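Asker: Okay, here's what each chain looks like letter by letter:
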Amino acid sequence: MLLNKESSGSRWRIRPDGQDKVSGKLQYLTDMAAEGMLTGRVLRAQQAHARILSICTEAALAVPGVHAVITHEDVPGLNGFGIALPHQPVFCYDRVRYTGDAIAAVAAENDAIAEYALSLIQVEYEPLPLLEDAEEAMKPEAILLHEEGNVLHHTEYRRGDPDEAFGACAHVVEETYFTPRQMHTYMETEGGLFIPESNGRLTVYSATQHGLMDRRQLSRILALPEEDIRVVSSPIGGSFGGKDELNVQPYGALLALRTRRPVRLHNSRYESVRAGLKRHPMKITMKTGCDSEGQIVAHRVRIISDTGAYATLGAEVLNFATEHVIGPYRIPHVEVEGFAVYTNNGVSGEFRGFGGNQAIFALEGQVDRLAQQLGLDPWELRRRNLRQYGDPGPLGQPIAQTHGAVQVWEALKASPLLRAAEDGGCEGEGSDSQPEGQLPPWIVTGTGAALAMHGAGLGYGIPDPAGGRLSLALDGKIEAVFGYEEFGQGLIATMEQMLVEQFGFAGDDLRIIIGDTDVVPDSGSSTASRSTSMMWMALQRLRPEFTAQLLETAAATTGEPAGELKLGCGGVWKGCSLLISYAQLARGLKEPLVCETKFQYPTTPLQRVGAHFLYTYSAIAVRVELNLLTGRVRITDQYHAVAAGPVANPQGYLGQIEGGSSMAVGFTLSEDAVMTGGAYVTKNMDTYLVPTLIDMNGRIQVEAIEDLPEHDTYGPRGIGEIGSVHLAPAVAAAIFQAVRKRVNKLPVEPELLQETFFTTQKAVGSYAG
Amino acid sequence: MGALQDEPLFSPALRQPRSLREAWELKSACAEQAVYVSGGTLLRTQWEAGTAAVPQVLIDLRNIAGMEDVTRDDDYLTIGSLVTLTACRRSGALASAGPAAAEAARQIAAPAVRNLATLGGNIASGYGDILPALLVHDAELAVYDGNLLRVQPVEAWLERRWSGAIPPAELVAGVRLPLDQGSGGSRLAVFRKVGRREAFTASLVTIAVTADWDAAARTLRRVRLAAGGGSGRPQRLAAAEALLEGAELSRSLLGAVYEAVEHGFASYDDPFAGEQYKKKTAGNLIVSELWQTLELKARS
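Read top to bottom, the protein sequences are chains A and B. Take the first sequence: its position 220, counting from 1, is numbered 334 in my numbering, and each next residue is one higher. Take the second sequence: its position 126, counting from 1, is numbered 160 in my numbering, and each next residue is one higher.
Hints listed in this document are in silico derivations from the structure and should not be mistaken for laboratory results. Just so you know, not all the hints are guaranteed correct.
Taking CB as the label site, the calculated pair distances span [to be verified]: (1) B/Thr79 - A/Asp826: 37 to 43 Å; (2) B/Thr79 - A/Arg315: 38 to 44 Å; (3) A/Ser121 - B/Gly100: 58 to 64 Å.
Please read these numbers as outputs of a predicted model, since none were measured by experiment. Glycine is no exception: its CB is placed at the ideal position from the N, C-alpha and C atoms.
Could you build all of it, start to finish, from the sequences and the hints given here?
Answerer: This is the structure we're talking about:
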């Protein structure tokens, strides 16, 4: 089914948080203010790699209007944070490793005073050699950024005997792929409001993708019991992985506790660029071989991932890439080796796609190159190697079986874009590209396609709790309480839609509570394409009991037999009439009716850390227009076929695929946070270029394949990332079809595609003909 | 706080002169401590990036009368420096008298910026995207030197600007474009911009072309070619112009023109594009426009 407003009918609902967001009425946490609040600011390192010889804060402290200047000496607990490895200093004291490193923080009456105070903090540095290149950092003579070495994480996977298998291959392709340091570029930069409460507790209003994880990390830093910290973390103006890790929270919390005044911090875009996470730039070298029939036999991969100065989830991202460089293909002989390497280049971390984007660009590039050598249609080569129902996952692990890979392959094969490409024509209808005949000779077009399977959930061996609570509150509202976050992805809308469709409630009956550690259960993080799946599974578990409780209470109150009652809009119904409203039902209660569930995200039994169990499958075709005068590429058409089980929320689903694809367009064509000497060249959004509406004015069609095998109990799969992971290789394939040039580096460099059209030697007629 | 006035804790003083003379005197008195400002869109990016210090004094030019209008007489279209880029973009008079300049205004920045940014500011930067378009329209600038408003060709002003010969207090008060006399309406006028994305981007390369097309003789006359881009110097491309002037347009001539543009256009490497790419792009864009004239207009 092509997913759109028309095909969705009444399931296309108005988003409950939509109006306030588009009208600007909604207050984000960084818009909040408190009486008597101070402004917090952080002093960041002046050098990308240096020893700190001394830090002097006296002059800053003497500035009128400054209430506190704090350094490492003022951290009562652990001077470190990091979801997986808490080794990033809250405040550096002996050494700085990137220009976002924090050395001190100031709380002052206003921003100007705070900034002035920062300028008075004296830090003496002794420069250390800079590690700007991951492979340089791996050399034995390289200076160590961390005692344990410069390799944060090393992955290996091997099956069969690739060495021998390559010898027997009819065709072998070798290529090295490079991907950019992409920035999340959320609309709302990191920040928050930190309030020391009169009872000794601390309230943190600051965005995160896992409030309870922030609470745990802050508890360690502040040496405060977790129960004394309340983290309120939604709504969020975008995250995409970038706010999963702590950012300003330690500074706000420490300053608030020190001054006993509310403190507000909000990064400028400059500071956000400088200190914030980015997507891991990767260099992926692949050697892939097949037999004369196009059966892929051997595949060898080496991944070098620039993880920057500290760990955050750099190891987990590498695990993900290691799994996804093998992908949806049956390959008997495989060898993968990966390294996540520390450098002085910012901090790389979690980002929508989580290492899949880089891996899939490389893997799909290999398949296209092999097809070229074979003289075979690249889509046909994929068919010959595609995983089938019953096959193990990429790492040989048992996975939840679906027909997803074949389904998306077939759907794309039948898509207008691929059919038109086969006919050698242009699929003009509805597309904004001009018919070929009217294009000037320097505009050439091409169609390309790619396929991906993308794991969801955190994977084997990583705590991945899920759960939630439903209750009938005493005021008659049906409360759904989950520990998830709303950062624009439409989680609240999806939750509402599930409650309406599964229980029969009306939107007005509901109160959805998320993003407050004082009240929510541990539902796990809102990451890894997991939230929708986990909400659905939680409601599946809660529905029988919660429905029964409500109906039995209604039966007891009204004297009607429970078996003849059902839940509906506004209350409990008997036949076609409303018997008792939820408000009336609640009046008879002394305590709320509560149902709670706790479970774990399903994982594979194979004991390999990070290996996934649930996958989403997608195939994409794109049509591009290249301007040979400028070497610039425009994507005029996209067709996504997505197999992710039932569509929980059509508008949200479409939004995720379209939004993911726009991030992929940036990854492919324009986005790269360029660094030299450990400093960002692209310091602001005037040089770091995300796609605009004009860059995104091509058509995007999304076909949702909802069928799951009958025995499947896992319901909707995550679609938060899948739209962003395979556009790049499809564009590269389309470029190749248009101009026979292979792209191995992103973003695509116009220089590569530019032609010299008019020289005295070469007349334009040779093109025009 | 008084003791800290010399330190970063200040807002610049705002002066709002009512006349060019008053503005000029303020700037002369304060020298480097003061900066002229109108929309402030470019200055703001420089302050934020730390490439220019926030000055002690901002001299707000927006209260000076006579620089906010687009007027037309028999010979010229005159546009005051305070006319916003949005107004330039919407001006029918500019679209008619200076279509390449109107197109340049259309492609600069984004609506919110164009609503504030002024024509004068874009010119005064010395590298604004409007400048190549003004060059091919034979535009002249009205420049105030403290005593007189003098009129000088954009090209001469650019020469002074890029050689550092402009006194700091001098002001660009407006632009005038000669109204076309004699091309009979078949004057080619083109502006093209290439950046790193399709909109709201700094330019890598801009080109502008004007010429009279004589379809019967297949020749171009009064040819003006210019190129610029980024923070590079906007420039006329004299060698390529000379090749085209009065010559019969042919494919082999286009090859020679391409080479003359590529050779003649001086640009620079930046972190995102090399000079060679920019030279080729300028050559390709200019010649592709001429090629379209040859192929399409010749047919019609």
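Asker: Hint by hint, note whether the structure agrees.
Answerer: Comparing the hints with the structure gives:
1. Between threonine 79 of chain B and aspartate 826 of chain A the beta carbon distance is about 53 Å. The supplied range of 37 to 43 Å is therefore violated.
2. The hint said 38 to 44 Å for the Cβ distance between threonine 79 of chain B and arginine 315 of chain A, and at roughly 42 Å that hint holds.
3. Between serine 121 of chain A and glycine 100 of chain B the beta carbon distance is about 60 Å. The supplied range of 58 to 64 Å therefore holds.
Hint 1 from the list above is the single one not met by this structure.
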